[in-house]
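Protein sequence lines correspond, in order, to chains A and B.
full-length UniProt numbering applies: residue 1 is where the first sequence begins, and numbers increase by one.
full-length UniProt numbering applies: residue 1 is where the second sequence begins, and numbers increase by one.
By construction, these hints were calculated from the structure, which means they are not laboratory data.
If you're wondering where the values come from, they're calculated on a predicted model, not measured in any experiment.
Treat the hints loosely; a few may be bogus.
[As the list claims (entries may be wrong)] Per the computed footprint, the stretches of chain A lying under chain B, defined by three or more beta-carbons under 8 Å from a beta-carbon of chain B, are: (1) 14 to 23; (2) 156 to 162.
[Stated by the list, open to error] Some residues of chain A that are not near chain B, with every Cβ distance over 12 Å (derived): (3) V71; (4) G78; (5) V80; (6) A180; (7) C192.
[Unchecked claim] Per label pair, the in silico range of CB-to-CB distance: (8) A:L64 to B:G190: 28 to 36 Å; (9) B:T310 to A:P62: 44 to 52 Å; (10) B:Q179 to A:L63: 31 to 39 Å; (11) B:A79 to A:F50: 26 to 34 Å; (12) B:S65 to A:H13: 56 to 64 Å.
All C-beta atoms, glycine included, are put in the ideal place defined by N, C-alpha and C.
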Amino acid sequence: MHVLTSHPGVFAHGLLVTLHLSAATFLLAAAVGLLLAVCRICPVRPLRLFAALYVSAVRGVPLLVLLTLFVFGLPEIGVVYSLFWTVVTAMGLYWAAFLCETVRAGVRSVPPGQTEAARALGLTFGQVLRCVVVPQALRATVQPLASLLIAVVLNSSLAAAVGVTQELTGQTVLLDQRYAQPLFTFAAAAACYVLLTLAIGRTAAVLERRLAVLR
Amino acid sequence: MLSTVRGRRRAPLAAAAAAAALVLASACSGSSDTVVPGAPAAAGKKADTSAIDRLIADEKPASASLMPAGSTAAKIKEAGTLVVGGTQTAALFSQLDPTTGKVEGFDAALSRLLAKYIIGKPDTKLVNVTAATREALLKNHSVDAVIATYTITDERAKAVNFAGPYYVDGLGIQLREDQKGIASLDDLKGRTVTTQSGSTAAAVVEERVPSAKIQLFDTNTECLQALRQGRADAYVLDQGVLAGNAGTHPDVKVVAGTYGEQPYGIGLPLDRPDFKTFVNDWLRKIEADGTWATLWKNTIGTQVPGPVPTPPAIG
């Protein structure tokens with residue numbers, strides 16, 4: 001037990017790096033994923049094809065395989081930059097595929113009749129998006145997006161497998177190596193992850209209530 | 001934006017996506033695979049495998065009185081193979097030779113010698129272990145013994161029995177051929193240091209150079225790649241393993257000098273104390289009859305300079 005009490009800083013720092021890693025990954029995934037979602041529902045056929053191909057290909061590769069490909073494969077062709085950002089790139093591109101599908105499902109959940117009605121009322125394309133489609137789509141995707149964020153946070157632990165030892169799981173592995181007390185160290189790490197995901201879940205619930213429309 | 005035609009069949013697309021995924025996956029497994037076909041052969045002196053084969057042929061099986069019915073050794077003899085936890089990637093100690101398909105090195109030869117001693121034939125089955133999985137595999141009896149540059153520590157001795165030590169190494173520092181300015185552990189301040197997860201090196205670096213950024217990977221291959229690709233400034237591990245790396249990869253070198261003592265033991269299940277005595281007696285025998293010295297000369301001695309060291313005292 002003294003392993004934990006004498007090393008609170010290790011967990012705090014690990015948690016901070018995990019948060020940093022997850023936030024950067026999610027932002028990149030959001031940017032790429034939104035772009036992909038727009039491609040998937042736009043009327044231009046090649047763009048639709050490209051986005052569909054991207055999603056099916058990337059979604060079909062295990063994250064650890066993709067990480068190893070980026071971390072050990074890219075340097076073979078001369079692309080080397082910081083390990084942290086290499087991992088963020090790989091994870092961001094991976095989760096973008098999932099995010100794209102979530103966003104697309106949200107947009108699809110708005111009945112086409114509403115768009116047609118809005119256009120008939122004379123709203124411009126921008127107004128249709130801003131006042132009719134996006135608010136409703138956003139509401140439908142709050143929970144799926146929260147689930148995705150949870151997956152991003154939990155799977156950020158895979159970074160430890162490719163050398164980002166500063167994040168929570170990596171720090172726990174280091175601590176365990178020194179004191180050989182896997183029960184306490186990993187239980188503490190598990191508790192940290194549970195707290196993080198609980199916080200995300202609560203925030204999503206609050207957001208959903210705020211965005212709810214009483215009919 | 002909402003006028004997309006939906007519900008179109010996209011079978012060819014799905015097939016293409018699957019193919020792309022396959023290509024991605026196979027490209028990746030190639031880069032991280034532990035067995036590297038066509039890896040560059042060891043530069044300089046090559047380990048003399050025929051001398052080791054002769055050693056194994058000369059090894060006499062243990063007399064039946066040493067293996068009473070019900071003892072661990074007798075059970076292994078009955079099973080017909082010695083299941084050894086090891087690796088295929090530690091040059092000089094236990095490395096797969098892609099041209100012969102055999103695992104060669106000090107540890108690999110030791111496991112074959114032990115199999116010959118117990119069973120009468122050098123029949124071993126190699127189970128790949130990492131520094132993180134060794135204790136667990138011994139505890140659940142997936143392996144009879146672990147011979148894998150396994151450093152004896154007090155913490156580990158609580159989980160497994162150690163026979164030996166059969167070799168003493170120290171931590172060394174590996175750099176890229178063109179690197180300058182790192183001559184000792186103290187020069188690693190603030191730099192990125194890679195090492196194997198589960199090895200003793202990480203704890204030593206953390207203690208001696210707290211400002212060093214530690215990068216952990218599971219295997220020797222990955223650590224070496226991280227160093228060669230410039231992700232890490234130095235690779236700290238047992239010098240014998242590093243010397244093996246330098247033998248197979250001309251673009252890395254080993255800094256002179258070692259830190260601390262890393263006594264290697266043969267890991268055995270904690271609940272088989274009879275087997276520890278048995279293996280210790282055998283180690284004493286091969287150290288006394290010159291087998292150990294011949295083995296060292298033909299494996300580690302091909303890369304580590306100096307005369308044959310005195311084998312460490314057993315127990």
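- Query: Among all the numbered hints in the text so far, which are the ones the structure does not match?
  - Reply: 1, 3, 4, 5, 6, 11
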